[in-house]
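> Take a look at the letters that make up each chain.
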Amino acid sequence: DAGVIQSPRHEVTEMGQEVTLRCKPISGHNSLFWYRQTMMRGLELLIYFNNNVPIDDSGMPEDRFSAKMPNASFSTLKIQPSEPRDSAVYFCASSPFPNQPQHFGDGTRLSIL
Amino acid sequence: GEDVEQSLFLSVREGDSSVINCTYTDSSSTYLYWYKQEPGAGLQLLTYIFSNMDMKQDQRLTVLLNKKDKHLSLRIADTQTGDSAIYFCAEVGSSNTGKLIFGQGTTLQVKP
Chain A
1 DAGVIQSPRH
11 EVTEMGQEVT
21 LRCKPISGHN
31 SLFWYRQTMM
41 RGLELLIYFN
51 NNVPIDDSGM
61 PEDRFSAKMP
71 NASFSTLKIQ
81 PSEPRDSAVY
91 FCASSPFPNQ
101 PQHFGDGTRL
111 SIL
Chain B
1 GEDVEQSLFL
11 SVREGDSSVI
21 NCTYTDSSST
31 YLYWYKQEPG
41 AGLQLLTYIF
51 SNMDMKQDQR
61 LTVLLNKKDK
71 HLSLRIADTQ
81 TGDSAIYFCA
91 EVGSSNTGKL
101 IFGQGTTLQV
111 KP
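These protein sequence lines map, in sequence, to chains A and B. Oh and the first sequence: position 96 is 96 in the numbering used here, straight run, nothing missing. Oh and the second sequence: position 95 is 95 in the numbering used here, straight run, nothing missing.
What the hints contain is simulated information worked out from the structure, not anything from laboratory work. Just so you know, these numbers come straight off a predicted model, no measurement behind them. You may find that some hints are simply not true.
[Said to hold, decoys possible] So the derived list for chain B, only partly shown, Cβ under 8 angstroms to chain A, looks like this:
id	residue
1	30
2	31
3	41
4	42
5	48
6	51
7	92
8	98
9	99
10	100
11	102
12	105
[To be verified] Which residues of chain A face chain B? A few of them, derived with a C-beta cut under 7 angstroms, are:
id	residue
13	101
14	104
15	106
16	107
[Stated by the list, open to error] Pairs of lysine to any residue, SDA-like flavour, derived with a Cα cap of 20 angstroms:
id	chain 1	residue 1	chain 2	residue 2
17	A	24	B	41
18	B	70	B	31
19	B	56	A	38
20	A	68	A	17
21	B	67	B	50
22	B	68	B	27
23	A	24	A	46
24	B	67	A	99
25	A	24	B	44
26	A	68	A	7
27	A	24	B	45
28	B	70	B	3
29	B	70	B	26
30	A	78	A	38
31	B	68	B	53
32	B	56	A	100
33	B	70	B	55
34	A	24	A	69
35	A	68	A	19
36	B	56	A	99
37	A	24	A	106
Built from N, CA and C at the ideal position, the CB exists for glycine as well.
Next up, chain A with everything else stripped away, as it sits in the complex (with noise of 0.2 angstroms):
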């Protein structure tokens, strides 16, 4: 079975710049998880939707980031303008259900010159 799909793999990109990570969870699971990882502050919880719906976003950072899940297989994290401390890694997960084990995806390493 395929896991999370993430991409890109890698972005790097000029400040001031929109990007927009995508997602592609597990067929079958109901929620999706955004997380965003620096040698700072770890593994942080960004936003979690379930069943398409926006759940808890407390853990986004800025208004500059917003997410969206227009459809159960799809989903995006978008930053706009992008800032150099927005570089880290943007891990997406997801489980069948909101307190069953996540998986996750490999990753995007994000990069803000």
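Using the hints, position chain B against chain A.
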């Protein structure tokens, strides 16, 4: 608040057992997890334990849960060089929405 603590580094010799420890604060957590992260890769779910269990064994992995002390451990028997990675402990937060609270990660170094 919710917090998960792990020691940062563990070094063992190949063939020895490794024990990685974790403490957590939220006694209402339903599941506790162990994830493995290799360099440049995502987090791989290794194993998990439900809060009404004390122990779970899966091949070379043994998870022990002490609910009284809020202490979780992962034992890897016959540690191999391929086990070198960062190991994260995580608990489900009290909001029960599925939000995972991660520890800082323990880097396991396996020497030949």
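> Now look at each hint and say whether the structure bears it out.
To see whether the hints hold, each was checked on the structure:
no.	hint	result
1	30	6 angstroms, holds
2	31	7 angstroms, holds
3	41	6 angstroms, holds
4	42	4 angstroms, holds
5	48	5 angstroms, holds
6	51	11 angstroms, violated
7	92	6 angstroms, holds
8	98	3 angstroms, holds
9	99	5 angstroms, holds
10	100	6 angstroms, holds
11	102	4 angstroms, holds
12	105	7 angstroms, holds
13	101	5 angstroms, holds
14	104	4 angstroms, holds
15	106	4 angstroms, holds
16	107	5 angstroms, holds
17	A:24 to B:41	17 angstroms, holds
18	B:70 to B:31	12 angstroms, holds
19	B:56 to A:38	31 angstroms, violated
20	A:68 to A:17	19 angstroms, holds
21	B:67 to B:50	11 angstroms, holds
22	B:68 to B:27	9 angstroms, holds
23	A:24 to A:46	17 angstroms, holds
24	B:67 to A:99	19 angstroms, holds
25	A:24 to B:44	17 angstroms, holds
26	A:68 to A:7	15 angstroms, holds
27	A:24 to B:45	18 angstroms, holds
28	B:70 to B:3	11 angstroms, holds
29	B:70 to B:26	8 angstroms, holds
30	A:78 to A:38	18 angstroms, holds
31	B:68 to B:53	12 angstroms, holds
32	B:56 to A:100	17 angstroms, holds
33	B:70 to B:55	14 angstroms, holds
34	A:24 to A:69	10 angstroms, holds
35	A:68 to A:19	14 angstroms, holds
36	B:56 to A:99	19 angstroms, holds
37	A:24 to A:106	12 angstroms, holds
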